[in-house]
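Undergrad: Sequence:
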Amino acid sequence: MPPIDFGFTARERSIFRRLSSPQKIQCYLDGELGYDTGTNGSRCRSPRSVLREGIAQCVDGALFGAAALRMIGYPPLLLDLEAVRDDDHVLAIFQVQGRARSHWGAIAKSNYAGLRFREPVYRTLRELVMSYFEHYYNPAGEKTLRRYSRPVNLSRFDFMHWMTTHEDVWAIPEYLSTISHTPLLPDGVVRKLGRMDDRLQAAGLVGHVR
1446 MPPIDFGFTA RERSIFRRLS SPQKIQCYLD GELGYDTGTN GSRCRSPRSV
1496 LREGIAQCVD GALFGAAALR MIGYPPLLLD LEAVRDDDHV LAIFQVQGRA
1546 RSHWGAIAKS NYAGLRFREP VYRTLRELVM SYFEHYYNPA GEKTLRRYSR
1596 PVNLSRFDFM HWMTTHEDVW AIPEYLSTIS HTPLLPDGVV RKLGRMDDRL
1646 QAAGLVGHVR
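For the sequence shown, the residue numbers in the numbering used here are 1446 to 1655.
Because the hints were derived from the structure by calculation, they are not lab data.
Do not take every clue at face value.
Claimed, not checked - Below, a list of computed lysine to any residue pairs in the SDA-like style, where the Cα atoms sit at most 20 Å apart: (1) K1588 with E1572; (2) K1469 with I1517; (3) K1469 with R1456; (4) K1588 with T1627; (5) K1469 with G1483; (6) K1588 with H1606; (7) K1637 with H1548; (8) K1469 with S1487; (9) K1588 with I1517; (10) K1469 with H1548; (11) K1588 with R1644; (12) K1588 with Q1540; (13) K1588 with D1532; (14) K1469 with G1518; (15) K1588 with G1518.
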């Protein structure tokens, strides 16, 4: 059975063919696509628009990651991370089957070094999400990650051609904002959280684009 092209052009498919593993997809996000600081969150590009403009931010980077994963046989799954006094973050997540059980990993576009790729070594989604906790902070040094969503399979948005449309795809992050999110920490623990370590905070800003 020939591979499905999902409406991408031959040139676009040739790029995706190079992205033959989750690690290669992340390398493309980090090395080939600039981080968009100029639109102040006013864009939500489709994967096609990301390819053509050569730029992305958190949400459209995750959409690109999900599309690239789909092109190599993974389901296109997103997971939303919800924060307080900070921006939310979106991951393209994937599972790798081990001998006894599957493990979760993630692909992401971020202006913060610690909020990007995760190897598929996490047994549960909560384990995966908690790996982001110490790296998720605002400029005031608060640790801000609080909740996470269930995985959303983007095939539910195929009717709007989310992978190849030239229009922004705001319906997807809007949907993520409406679904239930699971709390990570009880209130008593939140009240006792310390501030970010200065060195870890500085490390997260390596490569930060202003």
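Undergrad: Now tell me, hint by hint, if it's right for this structure.
TA: Hint by hint, here is what the structure shows:
1. Note on K1588 and E1572: the hinted pairing holds, with a Cα-Cα distance of about 17 Å set against a maximum of 20 Å.
2. Distance hint between K1469 and I1517 is fulfilled; the C-alpha atoms sit about 11 Å from each other, no more than 20 Å.
3. Annotation: proposed proximity of K1469 to R1456 holds, straight-line Cα distance about 18 Å (limit 20 Å).
4. For the given pair, K1588 sits about 17 Å from T1627 by alpha-carbon distance, which is consistent with the 20 Å threshold.
5. A distance of roughly 26 Å separates the Cα atoms of K1469 and G1483; the hinted pair therefore is violated under the 20 Å criterion.
6. Of the pairs offered as hints, the one joining K1588 and H1606 is violated, with about 36 Å between alpha carbons and a cut-off of 20 Å exceeded.
7. Taking the CA atoms of K1637 and H1548, the gap is about 31 Å. The hint is violated against a cut of 20 Å.
8. As the CA atoms of K1469 and S1487 are separated by approximately 28 Å, the hinted pair breaks the 20 Å bound.
9. The straight-line distance between the Cα atoms of K1588 and I1517 is roughly 35 Å, outside the 20 Å bound, and the hint therefore fails.
10. Distance hint between K1469 and H1548 is fulfilled; the C-alpha atoms sit about 18 Å from each other, no more than 20 Å.
11. Between K1588 and R1644, the direct Cα distance comes to roughly 14 Å. Compliance with the 20 Å bound is thereby established for this hinted pair.
12. Distance check on the hinted pair: K1588 and Q1540 sit about 27 Å apart at the alpha-carbon level, beyond 20 Å; violated.
13. Our distance criterion of 20 Å between C-alpha atoms is met by K1588 and D1532, whose separation comes to about 12 Å.
14. At most 20 Å may separate the alpha-carbon atoms for a hinted pair to count; K1469 and G1518 meet this at roughly 14 Å.
15. In summary, the hint linking K1588 to G1518 is not supported, as the alpha carbons are separated by about 35 Å, beyond the 20 Å threshold.
In this structure, the earlier hints numbered 5, 6, 7, 8, 9, 12, 15 are contradicted, and the remaining ones agree with it.
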